[in-house]
Amino acid sequence: MRILVAMSGGVDSSVVAAMLHEAGHEVVGATLQLYDHGAATAKKGACCAGQDIHDARMVADTIGIPHYVLDREARFREAVIADFADSYARGETPIPCVRCNQSVKFQDLAGLARDLGCEALATGHYARRVEGPDGAELHMAADVARDQSYFLFATTQAQLDQVRFPLGDMPDKTAVRAMAERLGLAVAQKPDSQDICFVPEGRYSDLVAKLRPDAAEPGEIVHADGRVLGTHAGIARYTVGQSRGLGMASRDGQERLFVTGVESTTRRIIVAPRAATTTDEVMAGEVNWLIAPPVGAFACFAKLRARELPQPAIASWDPELGLLRLVPGNPAVAAPGQAMVLYDAEGRLLCGGFIKGRARVDTTRVAA
Amino acid sequence: MSDDLYLDANATEPLRPEARAAVLVALDLRGNPSSVHADGRAARRVLETARSQIANAFGARAQDVVLTAGGTEANAAAIHALAPGRAVLVGATEHPAVLAATPGATPIPVLADGRLDLAALDTLLTCSDLALVCVMAANNETGVLHPLSEIAALCRRHGALLHIDAVQAAGRMALDFAGLGADTMALSGHKLGGPKGAGALLLRPGLTLAPLLAGGGQERGRRGGTEALPAIAGMGAAAAAARPQDAARLGRLRDAIEAGAGLSVAGQGAPRLPNTTSLIFPRMPAETLVIALDLEGVRVSAGSACSSGKVTRSHVLTAMGLGEAAGHAIRVSLPWDAPEDVAPRFLAALARVGARLAPVAGPSTGG
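Chains A and B supply the protein sequences, listed in that same order. Mind the numbering: the first sequence is residues 1 to 368 in the UniProt record's numbering, read in order. Mind the numbering: the second sequence is residues 1 to 367 in the UniProt record's numbering, read in order.
Here chain B stands alone, though its shape is the one from the complex (with noise of 0.2 Å):
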């Protein structure tokens, strides 16, 4: 329906057409990336060129791209690669692809508006002898944008090793990744508008990976496993599509849905991307409240859905000190197509489903 709303970016992004493009191509290449002949070249320039493009895109070399099957995979290979040895601390508000992958590590504290708290991870540096340390770009929840630059130079001067998870930040914002100085970095492709089923993990110069597969050996013996052509094509043309600086524009409009809604925002004070939105709507709980906007044609998330679509509260508000309000919080994130008039219309439905409700208790007067 092409009255529908879709804000739901955050989970995945519309396929870019650049990526539909390249997929297409790359479907139909009948050879292996791998093989020696003529077939299998041809699907290894169409491999290169994707790795050349996210390198390119993400500042970093083109040998230091591992090709995966996405995030998850990239987290969990660098998480499973550098850990060893090492005390792990990763950020409370961590997506569950590097939670789940770090099972017994000690999480770093928020501050009230989403953002590491630094102080506390110094000390947590202080206190480990050799540490591995995880942490998001960007929360997927709030959009909350850590401060990577000091991050990072906590971690250099602990001599800690340092993962990013710029799943969510990638495509949106501007990610130097060897300006940063970190160790790793996990990106998906179909949150940059490629299709599901690729990502991949950059890695610092000279770093060695030991590989969660090792199969035949592929990716350099860093990653085992045939590649997946098509989909890893369509990352590469989305990774060279996505421009930071169009995120200009999806500020612009999720500005004019906050303004409009006049609801309380989590995270609003910290730097956020600019997509995304977690609006505190107090009248019905966040469960309720996708479900009402789905109704009304509108796409939005709450908390993080499993796979039976089972929305649990919000652990990223919770650890935000949010208390009740994160069982209201939804998360409106707009994808890089969204229309011009997204504020009014999403506003509008807003409207419809609020009118549903008992009108809010007005101020006591009593004694």
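Here chain A stands alone, though its shape is the one from the complex (with noise of 0.2 Å):
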């Protein structure tokens, strides 16, 4: 069947080009230009394009299928990175990545494929798909520690039906390699991608502080407690759980103090005992159900953020807000923006949603 594959010039989505080629399939394959490499890097003369799309249109050759470059800039712009620093400025720590498979990736690039008479869209996602009774679902992939199912959790049911993730049972990356030398792609040994894609030098902040300079503004470091302990040069540049960047606030006499709030409406760092970091309860909004949603509270093991396994919880869906309440087994870190996705015990996905934000001070007692 024609087949279009999202391809970044990385190891993973020419893999996934060159398998699918070789089981006999056309395939298409297509680059998302998403940013300004030249501008992102401040690198007066770099192309708009960076290397990673030269290396996609170099492997669609070395396989001999057709490759395009997609300009997506103007959309990325307003749907991931306005969202990015927005969220910043909400005292949120935004997850771009699955802004960018929910809009970019899995909405316009399966509109493209369809548009292209391709049956299915192909990523180069460690994330598994399975054919089950009532349609497509979506499982964590073999290689648990490489599994991207986490910043999936927004595909559609109708998106999940047309995409297909040939890399979801790979035993890891080390086969995923072997399986591109031995097709002869030049990018066997590329390094895997570290950081947002569209903060090539790693100072996202200085990004957010140019889109949202209310977000780079000075405040205040205050103890749970009330106690003003120091100054901080932008809410950005915090998240929940957090303990660096803190300076004189720090410690609080022996005791180590981490980030447990951020207040965009009164630019206040909230930091508190290790202890004080976790909580029992989260809340999630803009949930997407890949199950039909369960009637009263059920088990399911809850991932909270990128790099953690899913733990043992017990979650409530309140169809009426729309929002799904989670009480961990063990008090957990959750920073608000981030994801929460729920799993079975057997890695099916069953649902995921953005953590919202909850009261962390004490406001009474501050205004005491």
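What you were told as hints is all true, and nothing was included just to trick you.
Derived, one-sided and incomplete: chain A residues facing chain B with beta-carbon distance under 10 Å:
id	residue
1	Arg2
2	Glu26
3	Val28
4	Ala30
5	Pro66
6	Leu70
7	Asp71
8	Ala74
9	Gly111
10	Leu112
11	Arg114
12	Gly117
Keep in mind the hints are simulated off the structure, nothing from the lab. Idealized CB from N, CA, C, for every residue including glycine.
Need the complex rebuilt from these two chains, each delivered in its own frame; the hints are there to steer you.
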């Protein structure tokens, strides 16, 4: 069948394109131009495309498939980068990869695939798509350490029916690189990408400050009991659970302090001892369900940040408010803006949403 | 694949057999045209033949033809030499080769049909002391022709210099450089059906040109560097072979495409190159349509592609006031060797692509 492959220029999606082509499919490669690489790296004269697009094109040429570069800079700026900055300005910790998957990748590319007469859209994500009795299911990847299903929680059922994740069953990255070698792909040993793609130099706070100057204005660092312990240079530099970047407010006597809240309205960073960073209740909104939502509380495994394994929890869904309430088995750190993704015991993704903020300061005591 | 339909002549024309033959001859010449010995003279002979062919085709004197590496260089060389000390006025729909060479220039607006706004040019020239006007003969995306004689007359009246970018027009319509009265005119070899890598700048008799590249003083000190003999020989042969009267055939085929497609056409009311049409396909972004047609074996383009292949919204159609429709225009440009059945084949491919799309909503019947 004709399949559109989203090719980033990295080894994973390159292998996807090559293995589908080898399997006899008519593969069409597409690479999204999401930001001006020259502007992002502030290198004068750098190509707008950057190395990754050139790599994707070379791989497509090696395989012998048509390949197209799609300009999605405007869409990405509005759907992902602006949301990224706005989220920080709200005192949250955004997760731009979800927004990108949600908009540019699975909405726009899926539409493109249909327009081009492609029966499926394949990506290099590490996740498993399983044909279940009630349609396609999304499961964690066989390589749990590489699993990216967390970033895919917002994939709708209709999108899931259309997409393919051929790397979901690969045992590990070594096997993917070995396959790239066997297929003769020049990117076989290309290093994994590390940073947020549109902040290649890793200075995301500069970008946020440019788009949302309010998120870079100084404010106070306040202990949860109301004491002002220091000042900071912008709420965008802080996330719940963080202990670095607090300066004089990093300790209270012998006790190390952690960020427990980021308040956008007052521009205050709230700090407290480690025990206070965890919570026994997490709420999430903008919930996407990939099963019929259960009525009443249900047991599940919840993942609240990218680099952790799902932990036992009890969840309940309020369809009226559109809110997902989670009671973790053990108190957990939950940063507003990050994703809360629920799985069953077999690693099937049930639903996910964005973690909502909660009041963290006893305002009556502060006022007093 | 012989079934493929190449309709992207404005990006580059297929090589003409006459050009191919000239290239092959030149490839075997070992001499440098600047050398004094017999091999140098043999190379020089080929170089001067090409120069004469170009001069004859476009109404210039051979000694006023400066050979370059392409249209971009020819445009840049003219602007580099003429712009200092002058207010630069540039057509709003010019090619990036001109726009990028004229930073800070004042744009000359175009009318809704894509033709240069002569009244606006008159006003701009009245407000400028000493000006250089840069306009294209034919637009690369729409094929719309600017009124060159009127523009030249205005420039003369105001004492302004005139540079014409004739890259797209050359070979597809009659161009008489001397008769137009422009100061300089840029040409590209591969848009004539020659190989890529050669171009020419025509100079008004008596005009001297400060070189972009001084180098070894080639081209009478107007363009340094050993001449790219095979490419230039091919360009000369292509210029001699490209007969504007053949364009009538392309015009007929183009008109059949426009009639059959039933789509609106950018700049349709204006005089246009016979081989070019800019079709507005409202049901799909142009970027997608170009890909969909490519997968059907039909090569067209949209907007102008940068070196990464990224397609950006057309500044040409935006300047014509097309708004959102600018993102839905594909350029179909027929090559000199377009087959006679091009229209039915193109229209069939377009219909196959359109059939995949959701049906167009009918007219609203609500109150």
